[in-house]
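J.: In case you want the letters, here they are:
Number of protein chains: 2
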Amino acid sequence: MISQTDHHFSQPISGYGVAKVLESTHPGFNKGDLISGLINWEEYSLITNPESLMKIQHMDFPLSYYTGILGMPGLTAYAGFYEICLPKKGDTVFVSAASGAVGQLVGQFAKLSGCYVVGNAGSNEKGKISSPRYFPNGIDIYFENVGGNMLDAVLCNMRLHGRIAVCGMISQYNLNQHQGIKNLVFLILKRIRMEGFLVIDYHHLYPKFFEMILPLIQEGKITYVEDPVEGLENAPAALVGLFSGKNVGKQVVAIAHE
Amino acid sequence: MISQTDHHFSQPISGYGVAKVLESTHPGFNKGDLISGLINWEEYSLITNPESLMKIQHMDFPLSYYTGILGMPGLTAYAGFYEICLPKKGDTVFVSAASGAVGQLVGQFAKLSGCYVVGNAGSNEKGKISSPRYFPNGIDIYFENVGGNMLDAVLCNMRLHGRIAVCGMISQYNLNQHQGIKNLVFLILKRIRMEGFLVIDYHHLYPKFFEMILPLIQEGKITYVEDPVEGLENAPAALVGLFSGKNVGKQVVAIAHE
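Just so you know, the sequences run in chain order Y and V.
According to our numbering, the first sequence is numbered sequentially starting from 7.
According to our numbering, the second sequence is numbered sequentially starting from 7.
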């Protein structure tokens, strides 16, 4: 019998990544194909349910883009901003964790939509909270990646009929008890819509998203910053760094190069 | 010069009420007309901006109904439930302050829409919090009138793609500092939409609302419980009672009878 603990430690951690097919008995995948999706933190994997993986079709981009701008974070930014925030030209937009995998795209989408954007990034809590001050007339759209005190500060600065897309609350995940949010009464006073979402509900938008994003990358109208780390042995420290905002850009771990 | 404090105390309190026109120089209002809207807590009033008042047209209902089911609370329940909660047949609906002016209507609207409804009322905090237990499979719609611990308890019991219409947070208004809400991460996990609203944004729906509600009252398919108090001198205690859930039904103060 394997104990729960042994079993737990023998399972590799999974994450969104890119991999090359070395062998395949599945008709949809051939040797040499490149795939992206939820894979394991290991050098070689046996994948028994490849249906959830995507085959990489557009070879003129760095492969790492399929873990970021052309993968889950890209679609997250797209669905959250366009489907939840419903931006209008001239809207004021605030993005927290704005240098992260998702936030950096939301900021660029907002600019492309004719919005005024302020982003906030890094681990300095004071800097985070003071960011709403850049909006003397209030915030129409808040793209929430952080939670906690930041959310409380933003709520006081929201504009009438504002929208808050709740994408993440990374400041809260490792706390034993989440911080209490005290300013929710502004939801009523300012008639604010606050909506949580997960990218898994928007996978059907991938074709529409690619149609928009591929030319934007090719024409240089959108850029994507990555924060690469070499070697599987450095992956744990890179993961932990995310929770204190150490990364600048999408955190990527390179296990092998083509 | 009148000091700020003197001025404050010399102003009568205003509230939604019904009144009879005794004299009028405004072409839209004649002696004997009955009106409803925001008026003062006093026996006789000089109204210089009558444009915001509604003339009472349907004389086959108790006049007090125009402070409740046919007035601001009625439209609040209607707009909040139908426009914000977007109910579907079979949805599970939880209403807090369910015996109040608004809550009692939301409960009845939900039943008429084929929803499963549980309401909660009264001042017993423990009873309030345990109410979500009546939903073994979770809550699709929460009509929020209370805030605080109740909201935190409900958030843990919401269903996928649930909707929270934030109508009021009466447990919080008289606190020096509002209670912190700790379970907002469920907005993400369960993809919940939480939306605050004020009835003033929905005045254009009055005709549509009356079209629905008048036959329902006439056919006895909807009822409305009032909690009447006699005399202006008892109005302050009645107002204070609202904040601890003392009223059963819409709190009405009768200053004069026809």
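To be clear, the hints were calculated from the coordinates, so they are not data collected in a lab.
Warning: the hint list may mix true and false statements.
What the hints assert, rightly or not - With a straight-line cut-off of 27 Å between C-alpha atoms, the simulated BS3-like cross-links for lysine-lysine are: (1) Y:K61 / Y:K227; (2) V:K227 / Y:K196; (3) V:K252 / Y:K188.
As the list claims (entries may be wrong) - Residues from chain Y shown here face chain V by an in silico Cβ test under 10 Å; the list is partial: (4) V172; (5) Q178; (6) N189; (7) H209; (8) L211; (9) L238; (10) E239.
Note that CB positions come from ideal geometry on N, CA and C, so glycine has one too.
J.: Hint by hint, work out which the structure violates, then give me just those numbers in ascending order.
T.: 2, 7, 8, 9, 10
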